[in-house]
Amino acid sequence: MNILTDLTKAVKASVKDLYGKDFEGEIVFQKTRKEFEGEVTLVAFPFLKLSGKKPEDTGADIGNYLLTKTKLVKKFNIVKGFLNISMADSEWLNYFGEIIKEDAYAIEKRESSGLSVMVEYPSPNTNKPLHLGHLRNIFLGSSVAEILKARGHKVIHSCLYNDRGTNISKSMLAWKLYGNGATPQSTGLKGDHLVGDFYVKYSAAYKKEIDELKKTGLSEEEAEKKSELARQVTELTVAWENNDTEVRKLWKMMNDWFHEGVAETYKSLGTKTDKNYYESDVYNLGKETVKEGLQKGVFYQKEDSSVWIDLTADGLDHKLVLRSNGTSVYITQDIATANEKERNFKIDKSIYVVGNEQDYHFKVLFLILKKLGRTYADNLYHLSYGMVELPTGKMKSREGTVVDADDLISGMIDTAKKTTQQLGKTEGLTEEGAKNLFKIIGLGALRYFILKVDPKKKMLFDPNESIDFNGHTGPFIQYTHARIQSVLRKSGLTAEEIKNKKINPAHALHQKETDLIHLLSDFKNIIAEAEYTYNPALIANYIYEIAKAYNQFYHELSVLSVENEEQKLFRVQLSYKCALAVKQGMALLCIEVPDKM
RNA sequence: GGCUUCGUAGUUCAAUGGAUAGAAUAGUGGUUUCCUAAACCGUAGAUACAGGUUCGAUUCCUGUCGAAGCUACCA
2 MNILTDLTKA VKASVKDLYG KDFEGEIVFQ KTRKEFEGEV TLVAFPFLKL
52 SGKKPEDTGA DIGNYLLTKT KLVKKFNIVK GFLNISMADS EWLNYFGEII
102 KEDAYAIEKR ESSGLSVMVE YPSPNTNKPL HLGHLRNIFL GSSVAEILKA
152 RGHKVIHSCL YNDRGTNISK SMLAWKLYGN GATPQSTGLK GDHLVGDFYV
202 KYSAAYKKEI DELKKTGLSE EEAEKKSELA RQVTELTVAW ENNDTEVRKL
252 WKMMNDWFHE GVAETYKSLG TKTDKNYYES DVYNLGKETV KEGLQKGVFY
302 QKEDSSVWID LTADGLDHKL VLRSNGTSVY ITQDIATANE KERNFKIDKS
352 IYVVGNEQDY HFKVLFLILK KLGRTYADNL YHLSYGMVEL PTGKMKSREG
402 TVVDADDLIS GMIDTAKKTT QQLGKTEGLT EEGAKNLFKI IGLGALRYFI
452 LKVDPKKKML FDPNESIDFN GHTGPFIQYT HARIQSVLRK SGLTAEEIKN
502 KKINPAHALH QKETDLIHLL SDFKNIIAEA EYTYNPALIA NYIYEIAKAY
552 NQFYHELSVL SVENEEQKLF RVQLSYKCAL AVKQGMALLC IEVPDKM
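Start counting at 1 in the first sequence, then tack on 1, and there's your number in the numbering used here.
In case anyone wonders, no lab produced these hints; they're calculated from the structure.
Here are the in silico distance ranges between beta carbons for each label pair:
#1 Asp415 x Asn501: 40 to 48 angstroms
#2 Leu561 x Lys276: 48 to 56 angstroms
#3 Gly374 x Leu317: 15 to 23 angstroms
#4 Leu219 x Gln423: 54 to 62 angstroms
We treat Cβ as the ideally placed atom computed from N, Cα and C, and that holds for glycine.
My request is simple: use the sequences and hints to build the entire structure.
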């Protein structure tokens, strides 16, 4: 049920009655700007062709019609071509009476759509620990998954580990050359960090080698070709593909370190996966598909036996799909993984959560799959998100200029602890309860900070400025929820009692009350739009509006100390519903809300 | 060079072609014997530039300037 359904119909009817013709377009209402009276606004300009009148007069025609011929409208005003409508209190109250009864009013029943969607994230390389970019990836992926579930779809979380190839070989080589047998146990480092340290060590050594070669008069390109380290990396990669026992043993050891380390990070974030894919498993399958493509004439082979696809007819370029030495490249294994996903699951849609630096790659991948005749190619979607940038520019693992995920997470929880203690809000909490609260607030602040930004846009993070806990933030919303819970506790009513008491829709509503009902009525549409656009930021900003509006309501009006019992009950119900919307909305962002803070 | 994306208050973010471009934060001035002040209320401050389409442009088109990404037998 939508509060505007009846009004939309009434506007259509009014235009037909007034001007004798049906309006062809869609009737769109916008929220009335706060400097004008009213809740919803109809722009008169689209109706001018039918009315043949000035915008002001057209608006007045429709306004008067609605006022006199329906019971939907309390009053209206017209500013320029804008018809500002105040809906009748009874409309708001009737609508509210409907939604207060349903706890899941904006959430579809589980798996009711019958569609299955796979969401793949964060798909890290196993040669370095997670950083801030991965966090944006994880937050987006997990939130989109929750939104899809709320829309009634079945969701399969998948993750692809890029666990072989050049970058992994670099870490392995550095460990062999400079490691002296170091292990997570011997160094006390988290496994993924230890592996990452060797990746950085390789990069530094490689840079030094190139610089020295260049001093002998070689060009950058010539130096790279002559690099001994690069040669050894290639050698390791080839040895790995040839199943060299020693290399495989080293590889497995370092991969295990990585997975143990990253599992801890996942745990602290509550990240879970239904199905893991490993490049080391699928890369050979990719080679099969390359053969198939050659047979079908989709690919072609050069004299050096490297395999390519010509995409110039599609406005793209020639793309390598298999190296001359027979080893796989990135896209080879992505072709294989796509095939595997299709073989393993019945999926109606497959979403890859990957940064926008790979826009071109996914364009090519989807096109190749289509040319190979894979019917599922049309159901693949690249959820492309913007980079997280530092004030100094892009983060680069090679140069060690990254914001480490583990550091950031623990730092946020620490700040939450300090702030909570400063505000004296740890009273009455058990040690366990306090610890949990710090985690909820710290992670909530971090998640919200990232999710409130439109995924498509790049965003900036300044490590020198701490993430705020006041204003347009996660903790502000969490605080609002806790505040409402406190009111509800003091009301002495149970949730069941609050939901089931009937209100007499006769009493007059305060503007702050209609504002809240109006906002609540948007929830379902917001979730739908967030699904279609894969954009959790819509929900983040919507929930903020509710929290802000509730705080204004709370300051201006008293909930519990009003004389009129019915009015008090209504305000308790309204508070309950706002808290529920906040909780459900935040759950779609994978952010918990505490009952006390 | 080519392709793609992006330039909004000091800063970080909003705005299906609609009104006087919203928030937050940092400034600045207030609110607490009153349901949680992680709150609320004032005040001040922005569409890179130049054209075009439109009743109306931050939004669409063209150009200029600026930034980022891709353009690897890296992933």
